[in-house]
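So the protein sequences, as listed, match chains A and B. Count the first sequence with the numbering used here and you get residues 1 to 342, in order. Count the second sequence with the numbering used here and you get residues 1001 to 1190, in order.
The set of hints was computed from the structure by calculation and includes no laboratory data. This one's a predicted model, so the numbers in the text were calculated from it and none came from an experiment. Keep in mind that the hints are not guaranteed to be accurate.
One side only, chain B facing chain A, incomplete, derived with CB under 8 Å [as the list claims (entries may be wrong)]: (1) 1134; (2) 1135; (3) 1143.
Straight line, CA to CA, 30 Å or less: simulated DSS-like cross-link-like pairs of lysine-lysine [stated by the list, open to error]: (4) B:1168 x B:1140; (5) B:1035 x A:31; (6) B:1035 x A:324; (7) A:65 x B:1176; (8) B:1140 x B:1176.
Heads up, the beta-carbon is just placed ideally off N, CA and C, and yes, glycines get one too.
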Amino acid sequence: MADDRDNHIASDEDLLSRYALGRLNEAEREKVDRHTAGCSACTEALQREMRIAAGVRRLGREALKERLRRRVATEPRPAGRPRILIAAALVGVIAGLGVYYAWFTGKGSLSPPVGGSPPLAGRTESLKQDEGNAPARELAERVTAEKPPESPAPAGAHAAANQEGSASHAPRSADNNRRTEPSRGSTAASSGAPMEEPGGGFWSDGIVERAVGALDAAAARGGVSAGEKNALLFKSKALKKEADQTKDALQGQYLLRQKPASALTGSRERSGRDQQTVPTRVDQRGSTTTMTLYLDSLLDENDLKRGRVEAVSDDSVVVTLGGKKILYRFPPGQGAQQQRQK
Amino acid sequence: MAPSPLFASDDARILDRIRKGDEGALAELYRENRKPVRALVTRNSGSEDDADDMLQEALVTLWERVATGRFRYSARLGTFIYATARNMWLRRLARARREIPGIATDPPADDASPLDLMIEDEESEIIRSALERLGEPCRKLLLLFYWEEESMESIAAQMGMANADTVKSRKYQCKKSLEALIRERSPRHG
Chain A
1 MADDRDNHIA SDEDLLSRYA LGRLNEAERE KVDRHTAGCS ACTEALQREM RIAAGVRRLG
61 REALKERLRR RVATEPRPAG RPRILIAAAL VGVIAGLGVY YAWFTGKGSL SPPVGGSPPL
121 AGRTESLKQD EGNAPARELA ERVTAEKPPE SPAPAGAHAA ANQEGSASHA PRSADNNRRT
181 EPSRGSTAAS SGAPMEEPGG GFWSDGIVER AVGALDAAAA RGGVSAGEKN ALLFKSKALK
241 KEADQTKDAL QGQYLLRQKP ASALTGSRER SGRDQQTVPT RVDQRGSTTT MTLYLDSLLD
301 ENDLKRGRVE AVSDDSVVVT LGGKKILYRF PPGQGAQQQR QK
Chain B
1001 MAPSPLFASD DARILDRIRK GDEGALAELY RENRKPVRAL VTRNSGSEDD ADDMLQEALV
1061 TLWERVATGR FRYSARLGTF IYATARNMWL RRLARARREI PGIATDPPAD DASPLDLMIE
1121 DEESEIIRSA LERLGEPCRK LLLLFYWEEE SMESIAAQMG MANADTVKSR KYQCKKSLEA
1181 LIRERSPRHG
């Protein structure tokens, strides 16, 4: 950061970039502005940086718009349109039959009924009213004044992200080695699906997240490569960032409970002794989701009080309990995205 | 199986898909919001193509904000998209010095950063062309840094570079190459 006029910002790449991307705080920005006011070389460097940033961003936007255009061009037309076409086709068929009947039997008339509207007219008029969408417009005009709704705020867990789609360089930290079977040997387990139970709840195994803290452990051992360090730092930061953004909004909807692993029976008893997984029963009552975790080592009242659901994604939930992160991942076909498509 | 009880909000799910880079989420939002945006634009001097363009711009803005961690969920996504498309259309109309009956004529600029507004189309085309000639991996690196606003550490991990310092050094070289290509087309950028 340029602290005075002798310290030119023209050669400070990091500062130029952060200024261009709007990543400086107000005080930093004011310092840069004061400095550039008396330094033409710095002003030029800053303008070059901003033009490049703007150009690259525009390229990114245009590329994404083009992909979006191509994608929607290959998909069905908007929902209202096919219904109109079907209605028009039906009207056409009925009208055709009527004409044919009138011509064939010699009864009736080919002129439109007096005082009545063609069947499509009423439909067209109602479509115009629909398209006005006054509530949406009113909402839009209030958008800056609205308080956050009670529905869940945006949430995400990068821990479960997969490389999919064409876009994306978004942060990902997939761990493909995690298993999601709630119990060994059962049909559901072999298919990777959570076990369903009467009453709408189900069982799932949480995987104790080991990425956070792994860097310290590796450093303590004295051996961690630059690549490993980057990957671990990236993963830890991504998880932490997600948690910071989502915990407050999500916390009110989840109730965490604990039971001793010894309370497990049958096939789940074995998984309850697995230190890397946490057998968990998930139940929905009203708007609250209760997650009952079966794990002896975390049976501490304070741990429980501090426990929280930190992040939710299409196919995963991250819970922090007793200083550990526990990842629940749902297999393909059972996540929220798939549920919505059914 | 009964619906998963863990996910109560469609918006949260859509946003999370965007965070994961799933462009199908944008297509879904496009379908859901096409009708009101078309109504707005076509009733205010625009064509259906204008409306589709505004909707695409609004969706890209949403994508950009979510991907860079700048999105704040203060209203339903449909409301955000409608308001953003509306503001963009108002701005375009204002630029074309047209009158807009019935709605405010001072469009808030909160849906576009000054950075996005600072370059003209001609200049943008010069930079775009230079970026295309720049080739990989510089193009990808600059996109990750300036558009997706990834950290140096993240770029290092994604591009298989040793560390953040390597990325910084490479970015500097890429920028210099880009500036040279831009100067070829437009000497005033020197």
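Here's how the hints hold up against the structure:
1. 1134: violated, 10 Å
2. 1135: violated, 13 Å
3. 1143: Hint on residue 1143 of chain B: holds, closest Cβ of chain A at ~5 Å, below 8 Å.
4. B:1168 x B:1140: Answer holds: residue 1168 of chain B to residue 1140 of chain B is near 14 Å, not above 30 Å.
5. B:1035 x A:31: violated, 47 Å
6. B:1035 x A:324: Violated - the C-alpha atoms of residue 324 of chain A and residue 1035 of chain B are around 46 Å apart, more than 30 Å.
7. A:65 x B:1176: Answer holds: residue 65 of chain A to residue 1176 of chain B is near 28 Å, not above 30 Å.
8. B:1140 x B:1176: holds, 15 Å
In this structure, the earlier hints numbered 1, 2, 5, 6 are contradicted, and the remaining ones agree with it.
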